[in-house]
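Quick note on the UniProt record's numbering: the sequence shown kicks off at 1 and runs consecutively.
For the record, the hints were derived by calculation from the structure and aren't laboratory data. In this text, all values refer to a predicted model and were calculated from it rather than measured experimentally. Please note: incorrect hints may appear among the correct ones.
[Stated by the list, open to error] Think about it this way: if two alpha-carbon atoms lie no more than 25 angstroms apart in a straight line, the pair counts; the simulated DMTMM-like pairs of lysine to aspartate or glutamate are:
no.	residue 1	residue 2
1	LYS146	ASP179
2	LYS299	ASP236
3	LYS180	GLU197
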Amino acid sequence: MDPSQQTPQETVVAPVAPLLEDQLELDMKHCFENLIVIDVGANLTNKKYSRDLDSVVQRARDAGVQKLMVHGTSVKSSKEALRLSRIYPDIIYSTAGIHPHDSKSIVEEPATWFDLEHIAQAQECVAIGPCGLDYQRDFSEPDAQKQIFAKQLHLAIRLNKPLLIHERSAQLDLLEILDKFENLPPVIIRGFMGTAEEALKYLDRRFYISLTGYLCKDKSDTGVRRLLEDGTLPLDRLLVETDAPFMYPNTRASKLPQHVKTGITERSLLYLHRYCTFQRNEPCSLPAIVEMIAAFMKKSPDEVALATAFNALKLFGLS
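Given the sequences, and given the hints that come with them, work out the whole structure.
Here you go:
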């Protein structure tokens, strides 16, 4: 409030506490009018954003995305993610990681590992990863993936920073490695695309799970949608991300239930359809993803937005 608009002290009759409560209520109403969300996974170092990153970030903020975590998936992109976090302070935060696909780069050039360690120590870097195992593609041999994954686990423990885990068709090996480590920091299984049975193995270990626009693609009876519909995935273990420029949430998908489609507000659809495409998703699509999740869970979008934002703030120490 502008000091010039305050009532002079001698005329104030209401106690301070109710005034603060009224202000808090107004602030909360404002938040609910503009869905407040945090994107814990956007690949803004991707060359698809090289020409208009300022506009992309501003659109995200206008849509209600208050904070963005930009992932580093290699030494080069981790360095660039850190640079972006300093260009956009208090909006962008970075991570430092070697994606399973890039594992061979560290094996072939071991000295570059020390560059990653240096980047990971920066205050703006709030997590280690994405790291893990991916057996769907053969960009790096499984042995190389396991070796570099273990190095990143040691790094996360030493720095006490949360772990972002990428896993595709490799859960048994991944859990075997994770179970060997004690005192792991919080673990987030990012962009989960597996089955409800696989999710339970993560949740039983108190891991967090982040979801993306993959919801629109999941057509199975045992996958991500089931997690939400039957309450398997509790709100206190849920995070949301766009994985931009990937994982465009196709709200027009034929298999998407009608009650989910109607649960997406016109405002969210406006940002989604005006600025996002299959070729280039943007963080401004996150409110639509949150509203879809809420519809599957039969909860209000405000409740899902508040819970996922709180989880992100708590886990990553975002300010």
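A quick look at each hint next to the structure:
1. LYS146 / ASP179: 13 angstroms, holds
2. LYS299 / ASP236: 14 angstroms, holds
3. LYS180 / GLU197: 22 angstroms, holds
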